[in-house]
Structure formats: structure tokens, C-alpha cells
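Just so you know, we're using full-length UniProt numbering here: the sequence shown kicks off at 1 and counts up by one.
Wrong hints could be hidden among the right ones.
[Said to hold, decoys possible] Cut-off 20 Å, straight-line C-alpha distance, at most; resulting in silico cross-link-like pairs (DMTMM-like, lysine to aspartate or glutamate):
{"id": "1", "residue 1": "Lys183", "residue 2": "Glu64"}
{"id": "2", "residue 1": "Lys474", "residue 2": "Glu507"}
{"id": "3", "residue 1": "Lys354", "residue 2": "Glu372"}
{"id": "4", "residue 1": "Lys218", "residue 2": "Asp250"}
{"id": "5", "residue 1": "Lys4", "residue 2": "Glu64"}
{"id": "6", "residue 1": "Lys90", "residue 2": "Asp318"}
{"id": "7", "residue 1": "Lys213", "residue 2": "Glu114"}
{"id": "8", "residue 1": "Lys183", "residue 2": "Glu340"}
{"id": "9", "residue 1": "Lys65", "residue 2": "Glu114"}
{"id": "10", "residue 1": "Lys354", "residue 2": "Asp338"}
{"id": "11", "residue 1": "Lys458", "residue 2": "Glu64"}
[Unchecked claim] What follows is a set of in silico ranges between Cβ atoms, one per label pair, in the way DEER data are often shown:
{"id": "12", "residue 1": "Asp315", "residue 2": "Arg268", "range": "49 to 59 Å"}
{"id": "13", "residue 1": "Leu224", "residue 2": "Leu277", "range": "52 to 62 Å"}
{"id": "14", "residue 1": "Asp443", "residue 2": "Asn346", "range": "27 to 37 Å"}
{"id": "15", "residue 1": "Gly50", "residue 2": "Glu428", "range": "20 to 30 Å"}
{"id": "16", "residue 1": "Arg551", "residue 2": "Asp496", "range": "20 to 30 Å"}
{"id": "17", "residue 1": "Asp123", "residue 2": "Pro335", "range": "31 to 41 Å"}
{"id": "18", "residue 1": "Phe279", "residue 2": "Glu428", "range": "25 to 35 Å"}
{"id": "19", "residue 1": "Leu46", "residue 2": "Gly540", "range": "50 to 60 Å"}
{"id": "20", "residue 1": "Leu477", "residue 2": "Asn116", "range": "47 to 57 Å"}
{"id": "21", "residue 1": "Gly540", "residue 2": "Asn343", "range": "49 to 59 Å"}
{"id": "22", "residue 1": "His292", "residue 2": "Asn343", "range": "40 to 50 Å"}
{"id": "23", "residue 1": "Tyr342", "residue 2": "Lys214", "range": "21 to 31 Å"}
Keep in mind that the hints were calculated from the coordinates and are not lab data.
Cβ coordinates follow ideal geometry from the N, Cα and C atoms, glycine included.
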Amino acid sequence: MSRKELVFLPLGGSGEIGMNMNLYGFGTPANRQWVMIDCGVMFGDLSTPGVDLICPDPTYILEEKEALHGLLLTHGHEDHIGAVALLAPKLGCPIYATPFTAALVARKLEEYEETNYELNVIDMNARFKLGPFDIEYVTLTHSIPEPSGVILRTDLGTVLHTGDWKIDASPALGPVTDSGTIKKLGDDGLLAMVCDSTNVLSSGESGSESAVKKSLTKLIAEQLGRVAVTTFASNVSRVVSICEAAAAADRSVCLLGRSMLRIVDAARETGLLPEGLSFVEPKDAGHLPREHVLYLCTGSQGEPRAALSRIARNDHRDLTLSEGDTVIFSSKIIPGNDREIYNLQNDLVELGVKIITEKDEFVHVSGHPCREELRSMYEWARPEIAIPVHGEARHLEEHAEFALELGAEKSFAPRNGDLIRIAPNGPERIDEVPAGRMYLDGDVLLPDGAAAMRERRKLSYAGALFVSLAFDKKGELADVVAADGAGIVWADDAPDAAAELADEIDEAVNDLPRTKRKDDEAVALAVKRAARVYFDEVWGKRPLIVTHILRLGS
């Protein structure tokens with residue numbers, strides 16, 4: 001008879017930063033009961049043309065969704081909740097979230113016009129049962145309200161899943177980390193900790209939001225013209241700090257950007273904003289003296305449709321910036337966004353605007369633990385097993401080694417798809433399950449490897465050639481071959497280059513035996529070969545080739 005096991009399965013967020021999706025299973029291999037923690041996205045880039053969002057492929061758990069007891073959300077960042085509206089109706093399980101996170105999720109579900117879900121709003125320190133799991137939320141600190149770790153108690157031991165966290169002894173908004181509960185886990189014997197690895201390569205501590213608030217207050221007071229500050233909209237404590245710094249400098253605050261408005265609305269709805277915090281409308285802010293207004297904008301990562309990018313292009317309907325104005329980037333550069341951010345900053349400089357970043361002044365702290373904070377967490381929790389997540393390969397491997405130095409008896413650095421037995425006798429990878437990606441293309445979720453994505457990547461690299469051929473009943477070409485392209489570099493930019501290629505295709509097709517000319521696949525292959533030979537010689541690239549064949553009188 002198979003014995004019961006406690007297993008951990010990351011489907012996203014291990015080996016990468018973003019699109020977190022983690023599963024815990026309990027039971028025999030033939031009858032596991034599951035809970036999911038987080039359901040996030042990452043954003044498309046130049047390698048995924050036309051795609052805005054990417055999420056983990058949940059196929060594995062969809063095949064066992066009758067045994068999935070719930071989706072537990074640790075906090076409201078997109079890489080933890082961004083796929084809920086896309087996948088929750090497919091998962092068919094209840095969703096659990098604290099009030100602010102639940103408010104953000106509810107807005108996403110409404111935006112996608114989803115009604116087939118059960119969203120349970122729970123207290124910050126809620127404790128409840130889900131199948132064989134005794135679940136408890138524990139309060140942490142992070143760069144968004146209500147960050148929570150999840151404690152999973154089972155008959156085979158207890159696991160702490162930290163989610164994203166840092167240690168901030170004086171947060172600008174919200175409570176401090178509940179170290180007492182974590183220390184008690186250590187006292188009682190914690191089997192495993194599944195822990196954030198983002199800043200494991202950084203020494204020291206991440207820093208406090210209160211210190212940033214003090215610095216911003218001084219900095220904003222020193223500016224003379226209009227001031228625009230951009231930050232991560234989800235960092236409500238930073239938003240509040242900026243508003244209070246503006247008030248101290250006798251500046252009214254105007255919010256610009258859809259996500260900024262959405263986050264502030266959710267924070268107000270859940271009672272997180274201080275009493276008396278108010279904002280001026282964009283249409284009114286423009287009439288205020290330049291030294292008495294502060295614009296709080298989206299766009300810290302150079303997003304082309306965000307408010308600050310539109311301002312930099314001079315096409316924002318409510319705000320223009322010019323000589324004597326200042327833009328403060330109260331944020332960091334997320335790896336991969338460098339070029340977009342530098343382009344944005346250059347555009348602002350061209351307008352005569354002064355730029356202030358974290359490189360110039362103390363205007364940002366990370367929301368993730370550096371090495372000294374990890375040391376404190378391991379001293380509190382004292383897990384037997386350390387399982388690093390939320391990081392690229394270099395983060396996970398370093399964290400696994402560091403955890404052993406910090407007292408963990410064993411460690412395991414997983415990758416997406418690793419099915420890891422935590423107990424008994426863990427950690428051990430016992431299987432590898434499919435763990436791909438899905439791409440949101442418009443309103444459609446495409447699987448990894450979809451033909452449309454492969455073709456689009458090739459189009460972005462070498463364009464496309466379109467060839468049209470018409471055959472009569474006898475298999476003879478009924479007209480000249482037509483060839484045209486998009487994104488193609490022709491030989492010496494000659495105007496008759498396409499006609500030259502068409503002649504070579506004509507010759508290649510006519511060289512086929514008559515029986516082959518009546519076979520569409522054989523004709524398409526001949527076209528492809530002729531085109532490849534031509535482009536290899538004149539360009540050194542091979543475009544995507546699309547062949548249209550018309551059979552007349554058939």
C-alpha cells in the first residue's frame with residue numbers, strides 16, 4: 001500500500017522572477033489533495049511580439065482539479081495575482097485573499113467579465129482547514145499592503161511558504177512582521193520553509209520605507225517647478241509617503257495613470273489610506289501654480305502607454321513638463337526594462353526636465369530580503385529543509401547554499417515542474433511534470449509552442465515572403481508567379497528583385513514532374529527551396545514563406 005506524502009510543485013516562479021504558481025499536495029501518489037499558492041503573470045517582451053501577459057501552464061493541476069481545495073493568495077502584486085482572472089474559472093476552486101488583495105482581484109475579475117468564481121475575503125491572521133491542510137496566514141512586510149506568508153500544517157509536518165517579504169522595523173504603512181508566530185514555528189519544529197530568493201545576492205538589509213519617506217520629504221521640498229513622481233502603483237505606503245511629502249511642501253497631488261487610480265481606489269475601499277488624504281483632478285491641476293502641484297504617475301518602468309511616457313512624448317492631455325520641472329523615479333530598474341527606461345529619461349531630458357533616480361538620491365528601497373534579513377528569518381524559523389523559490393537559477397542555487405550556512409539541515413533548489421517530496425525523507429525530486437507557459441494574445445490564451453507565436457517570432461526577425469501560383473487542369477502554370485514581401489531586404493534594393501525571385505520560383509516549379517505539380521505540398525516545398533537559395537545568396541536571412549496555390553477548373 002502506498003504511503004502518504006507531502007509534496008511541493010512549482011509551476012511558475014522557480015528559475016525565473018515572475019508568474020508565481022506553487023502547489024502543495026498531500027496523500028498517496030494515486031490520491032493527492034492539493035492547494036495552490038499564488039497565480040501570477042509576467043509581461044511580454046521583444047521575444048513575444050503581440051503578447052502582453054504570460055502565465056504558467058496549469059494543465060497538470062487542471063487534470064486533478066477535483067482534488068484542488070483552494071487558491072491562496074499571498075499579496076496583490078501582478079506576478080502573484082495577475083493570472084487569477086485568466087485561470088480561476090478553469091481551476092474551479094475557491095480563492096482566499098486578505099481584504100486589499102481581494103479588492104484588486106475582484107476588479108480584475110470584473111474587468112474580464114468573469115462570474116464563475118468564489119472569492120473569500122479572510123482576516124490577516126486567518127486560520128482554516130482546506131482538505132488535509134491546516135492553513136494559517138502570517139503577517140509580513142513587503143512593498144504592498146497586506147503581504148502574508150502561508151503556514152501549511154499537515155500530519156507529516158509544517159511548511160512556511162513566505163511569499164514575498166522583507167523585514168521593515170518601521171514600515172510607513174501597516175504592521176510589522178509577525179516574528180512571534182514565526183519564532184513559535186521554529187520552537188515547535190518547522191519541517192520546511194519555501195522562501196523568497198530575489199535579493200539573496202545582495203548584502204546587508206533592504207532598508208525601511210520610513211527612511212525613504214523622510215528623504216522624499218526633504219527632496220520634494222527643495223524643488224521649484226512642477227514635480228512629477230513615478231513609482232510602483234502597488235506600493236501604497238510609498239504613494240502615501242509621497243502624498244504626505246507633497247503636503248509638507250504645500251503641493252496638491254494629482255494622480256495620473258489607470259493602475260494608480262485603481263490601486264488608490266482599492267486602498268481607500270479597504271481603509272488603508274489615512275484620513276484627509278485628497279487629490280485634485282487632472283483638469284484642475286493644470287491651473288495650479290507650478291510650485292504647488294505634484295503629479296503622481298504610472299510609468300516607472302518605461303511602459304509606452306503609461307502616463308509618464310505620454311508626458312515625455314508631449315501627448316498627455318492634462319500635463320506638459322518643461323524647463324525647471326523635475327521628475328523623480330522613486331523605483332528601481334527591473335532587469336529587462338533598462339532600454340525603455342533610459343529612452344523615457346532621455347525624452348524627458350530633451351524637454352529640459354531634471355531627472356532624479358535612486359542613483360542620485362535615496363528615493364527607493366527594495367521589497368525583498370537581502371542577506372541579513374534572510375539570516376534573521378532563518379534564525380526565527382529554523383527549518384529543517386530550505387526550498388528557495390522566486391528567483392532565477394543563480395538566486396536559487398546561492399540561496400540553497402546560504403540556507404545550509406544559516407542552519408538548515410537540507411536544501412533543494414527547484415525548477416518549474418519539479419515534483420518534490422518534502423516528507424517523509426525529503427527533500428527529493430520524485431518526478432518532473434509539464435510546466436510550460438501560456439501567452440495572452442489579445443483575448444486568447446495560447447499554449448507554449450503555438451504556431452502563431454513561432455511564426456510571429458520569425459516575422460520579427462526576417463519578415464515574410466508571399467508567393468501566389470495558379471495552375472490549370474493539366475498542372476501547368478496558368479499565369480506568372482506573383483511574389484511580394486513584408487519586412488524583407490531585397491538584393492541591392494533593386495525594384496525588380498521580387499520579379500527576379502518570381503522567375504526563379506517559376507523555373508523551380510516547372511522543373512517538377514507533372515504529377516508533383518498537381519501536389520500542393522510538393523509545389524510549396526519547391527517554392528520554399530527556391531526562395532531559401534535566393535535569400536541565402538542575396539541577404540543571408542530566410543523569411544517566413546507563405547505559399548498560396550490556386551487550382552483553376554478543378
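(message) Of the numbered hints stated earlier in the document, which are not met by this structure?
(response) 1, 3, 6, 7, 8, 11, 12, 13, 15, 18, 19, 21, 22
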